[in-house]
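Whole structure, please, built from the sequences with the hints as guidance.
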Amino acid sequence: MGFDRLWQGVIDTFLMVGVSSLIALILGIPLAVILVTSGKGGIYEAPALNKALGAFVNLFRSIPFLILMVALIPFTRLIVGTTYGVWAAVVPLTIAATPFFARIAEVSLREVDHGLIEAAQAMGCKRHHIIWHVLLPEALPGIVGGFTITLVTMINSSAMAGAIGAGGLGDIAYRYGYQRFDSQVMLTVIVLLVILVAVIQLGGDRLALALNKR
1 MGFDRLWQGV IDTFLMVGVS SLIALILGIP LAVILVTSGK GGIYEAPALN
51 KALGAFVNLF RSIPFLILMV ALIPFTRLIV GTTYGVWAAV VPLTIAATPF
101 FARIAEVSLR EVDHGLIEAA QAMGCKRHHI IWHVLLPEAL PGIVGGFTIT
151 LVTMINSSAM AGAIGAGGLG DIAYRYGYQR FDSQVMLTVI VLLVILVAVI
201 QLGGDRLALA LNKR
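Quick note: the sequence shown uses the UniProt record's numbering, first residue 1, plus one each step.
A portion of the hints provided could be inaccurate.
[As the list claims (entries may be wrong)] Here are the computed lysine-lysine pairs in the DSBU-like style, where the Cα-Cα straight-line distance is at most 35 Å: (1) 40 / 51; (2) 40 / 126; (3) 126 / 51.
[As the list claims (entries may be wrong)] Pairwise CB distance ranges, derived in the manner of DEER restraints: (4) 116 / 64: 35 to 41 Å; (5) 191 / 73: 30 to 36 Å; (6) 46 / 184: 53 to 59 Å; (7) 4 / 61: 33 to 39 Å; (8) 68 / 181: 28 to 34 Å; (9) 181 / 70: 24 to 30 Å; (10) 149 / 191: 18 to 24 Å; (11) 210 / 11: 24 to 30 Å.
I should point out that these hints are in silico values taken from the structure, not numbers from a laboratory. Where a beta carbon is used, it is the ideal one built from N, C-alpha and C, also for glycine.
Structure, rendered in structure tokens:
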């Protein structure tokens with residue numbers, strides 16, 4: 001196995017995780033905001049919506065990624081026209097990551113001091129202003145930390161997806177390492193994944209610390 005193939009595996013992994021995580025971020029934060037604000041005592045209290053949305057999120061969070069990926073094959077084919085390759089992996093990765101990240105972001109939003117929300121309401125702030133200027137800024141360090149955890153989880157899932165035809169480092173480890181009994185390839189992929197996870201975790205932790213004004 002040459003360097004070019006290994007480098008392509010790194011690029012494919014970045015592509016899978018990058019696109020999926022961006023979509024999960026765009027969808028996950030609004031989902032978390034709705035879960036928090038529609039709950040009991042929330043500024044947009046809506047118990048029926050909250051229960052239905054919570055059940056939907058829990059449903060997808062409870063399905064192991066490998067099973068989810070297989071179950072979504074018809075949907076994946078409908079969206080991207082194929083069930084093989086990097087773009088085919090983006091669909092299940094996104095669907096798995098979005099509810100996972102939404103729940104983590106929800107926890108951070110719920111940890112915001114309710115006194116700040118009450119103070120904003122007392123000053124006559126509109127509800128959408130409270131979301132933008134109180135809830136999200138105060139919860140931002142926790143959201144960044146949660147997104148970092150989501151990224152690490154998605155790297156693990158992308159390696160699993162790669163092992164069954166999605167490409168990336170998982171595909172290289174399976175085809176050129178496991179199937180050919182090449183321990184050097186396996187070790188190389190493991191080292192690359194460990195380095196990638198370590199860099200993301202360190203960067204996310206430092207960013208969350210820098211944003212924490214408490």
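Hints, one by one, checked against the model:
1. 40 / 51: Judged against 35 Å, a Cα distance of about 10 Å means the pair holds.
2. 40 / 126: holds, 19 Å
3. 126 / 51: Holds - the C-alpha atoms of residue 51 and residue 126 are around 25 Å apart, at most 35 Å.
4. 116 / 64: 35 to 41 Å: holds, 38 Å
5. 191 / 73: 30 to 36 Å: holds, 32 Å
6. 46 / 184: 53 to 59 Å: holds, 56 Å
7. 4 / 61: 33 to 39 Å: With Cβ atoms ~38 Å apart, the hint holds.
8. 68 / 181: 28 to 34 Å: Distance hint for residue 68, residue 181 holds at roughly 30 Å.
9. 181 / 70: 24 to 30 Å: holds, 27 Å
10. 149 / 191: 18 to 24 Å: Roughly 22 Å apart at Cβ, these two residues keep to the hinted range, so it holds.
11. 210 / 11: 24 to 30 Å: holds, 29 Å
When each numbered hint is compared with the structure, no violation occurs for any of them.
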